[in-house]
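Just need the whole structure built from these sequences, with the hints factored in.
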Amino acid sequence: DTGVSQDPRHKITKRGQNVTFRCDPISEHNRLYWYRQTLGQGPEFLTYFQNEAQLEKSRLLSDRFSAERPKGSFSTLEIQRTEQGDSAMYLCASSRRTGINLTYEQYFGPGTRLTVT
Amino acid sequence: AQRVTQPEKLLSVFKGAPVELKCNYSYSGSPELFWYVQYSRQRLQLLLRHISRESIKGFTADLNKGETSFHLKKPFAQEEDSAMYYCALRGGYSSASKIIFGSGTRLSIRP
Numbered sequence: 125d126t127g128v129s130q131d132p133r134h135k136i137t138k139r140g141q142n143v144t145f146r147c148d149p150i151s152e153h154n155r156l157y158w159y160r161q162t163l164g165q166g167p168e169f170l171t172y173f174q175n176e177a178q179l180e181k182s183r184l185l186s187d188r189f190s191a192e193r194p195k196g197s198f199s200t201l202e203i204q205r206t207e208q209g210d211s212a213m214y215l216c217a218s219s220r221r222t223g224i225n226l227t228y229e230q231y232f233g234p235g236t237r238l239t240v241t
Numbered sequence: 009a010q011r012v013t014q015p016e017k018l019l020s021v022f023k024g025a026p027v028e029l030k031c032n033y034s035y036s037g038s039p040e041l042f043w044y045v046q047y048s049r050q051r052l053q054l055l056l057r058h059i060s061r062e063s064i065k066g067f068t069a070d071l072n073k074g075e076t077s078f079h080l081k082k083p084f085a086q087e088e089d090s091a092m093y094y095c096a097l098r099g100g101y102s103s104a105s106k107i108i109f110g111s112g113t114r115l116s117i118r119p
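These protein sequences, in sequence, are chains P and L.
Per our numbering, the first sequence starts with residue 125, numbered consecutively.
Per our numbering, the second sequence starts with residue 9, numbered consecutively.
Honestly, the hints are just simulated from the structure, not real lab data.
Where a beta carbon is used, it is the ideal one built from N, C-alpha and C, also for glycine.
Hints should not be assumed to be uniformly reliable.
[As the list claims (entries may be wrong)] Derived Cβ-Cβ restraints for the label pairs, each shown as a range:
no., chain 1, residue 1, chain 2, residue 2, range
1, P, GLN141, L, MET92, 43 to 51 Å
2, L, ARG118, P, GLU176, 47 to 55 Å
3, L, GLU88, P, GLY127, 33 to 41 Å
4, P, ARG220, L, TYR47, 21 to 29 Å
5, P, GLY127, L, ILE59, 17 to 25 Å
6, P, LYS138, L, SER36, 37 to 45 Å
7, P, LEU163, L, GLN53, 42 to 50 Å
8, L, ASP70, P, GLN165, 22 to 30 Å
9, L, SER34, P, PRO132, 33 to 41 Å
10, L, ARG118, P, GLN141, 41 to 49 Å
11, P, GLY196, L, LYS23, 42 to 50 Å
12, L, THR13, P, GLY127, 49 to 57 Å
[As the list claims (entries may be wrong)] Quick partial rundown of chain P residues pointing at chain L, CB under 7 Å, derived from the structure:
no., residue
13, GLN165
14, GLY166
15, PRO167
Set out below in structure tokens:
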């Protein structure tokens with residue numbers, strides 16, 4: 125297992141276009157998270173899934189954003205009608221309950237860098 | 009409101025000098041505190057968590073509930089410590105929910 129993977133790694137798109145990103149979590153991780161990171165800031169939470177159920181969505185996730193995890197494995201994040209303000213690094217993380225302290229350590233992917241021109 | 013504050017955007021110290029990266033948090037309740045690190049061209053990874061009370065790569069962090077702080081310390085900096093460091097919190101122990109990150113501190117170790 126090579127860890128969390130994300131595709132594509134870079135995406136350049138024109139304002140108004142739709143984009144879709146994919147995240148493949150570590151196998152057997154039942155929790156999957158999406159974060160967004162803009163320049164000079166730490167990652168900001170967008171949404172997370174337990175298996176195929178989307179359990180929480182941030183207010184940052186406007187109605188142009190939608191995330192799915194149809195079979196409880198990989199997830200997609202779609203942004204419709206992209207705006208320049210959507211330019212950011214989109215990070216995916218996955219976790220499962222483990223360890224003596226039964227904690228959910230989140231393992232991060234390399235991210236997808238989106239540039240909206 | 010839940011918040012993590014890292015007051016220093018950049019910290020530059022000489023090799024062998026002590027390092028302290030500051031972190032303060034705001035949370036009503038008992039959060040779980042973390043330090044994450046991102047080395048150049050690598051992905052974000054967990055460095056340590058407060059409940060483990062462990063030292064990783066010579067780094068330690070003590071949770072001070074009275075001062076709501078979780079500063080990261082290392083007595084003797086090494087060049088390979090140069091990286092971006094993020095303090096973070098999660099609500100409740102053994103929680104599977106979101107992590108709230110600070111804005112990060114870039115640590116630069118001068119030879």
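Structure-based check of all given hints:
A beta carbon spacing of about 30 Å between GLN141/P and MET92/L contradicts the range 43 to 51 Å that was offered as a hint. Distance hint for ARG118/L and GLU176/P: a CB-CB separation of about 49 Å, consistent with the stated range 47 to 55 Å. Taking the beta carbon of each, GLU88/L and GLY127/P are about 21 Å apart, not inside 33 to 41 Å as hinted. Range check, ARG220/P to TYR47/L: about 25 Å between beta-carbon atoms, so the 21 to 29 Å window is met.
One distance hint, 17 to 25 Å for the beta-carbon pair GLY127/P and ILE59/L, holds here, with the actual separation near 23 Å. The hinted range of 37 to 45 Å is satisfied by LYS138/P and SER36/L, whose Cβ atoms lie roughly 44 Å apart. Taking 42 to 50 Å as the suggested C-beta distance range, the pair LEU163/P and GLN53/L does not conform, at roughly 20 Å. In this structure the hint that ASP70/L and GLN165/P lie 22 to 30 Å apart at CB holds, the actual value being about 26 Å.
Roughly 36 Å separates the CB atoms of SER34/L and PRO132/P, a value that falls within the hinted 33 to 41 Å. The hinted range of 41 to 49 Å is satisfied by ARG118/L and GLN141/P, whose Cβ atoms lie roughly 44 Å apart. Checked against the hint of 42 to 50 Å, the C-beta distance between GLY196/P and LYS23/L comes to roughly 47 Å, which is consistent with it. A beta carbon spacing of about 30 Å between THR13/L and GLY127/P contradicts the range 49 to 57 Å that was offered as a hint.
The closest approach between the C-beta of GLN165/P and any C-beta of chain L is roughly 5 Å, which is under the 7 Å cut-off, so the hint is satisfied. The criterion of a C-beta within 7 Å of any C-beta in chain L is met by GLY166/P, whose closest approach is roughly 3 Å, and the hint holds. With a cut of 7 Å, the hint placing PRO167/P at the interface with chain L holds, because the nearest CB-to-CB distance is about 5 Å.
Figure legend: structure checked against the earlier numbered hints; hints not met, in rising order: 1, 3, 7 and 12.
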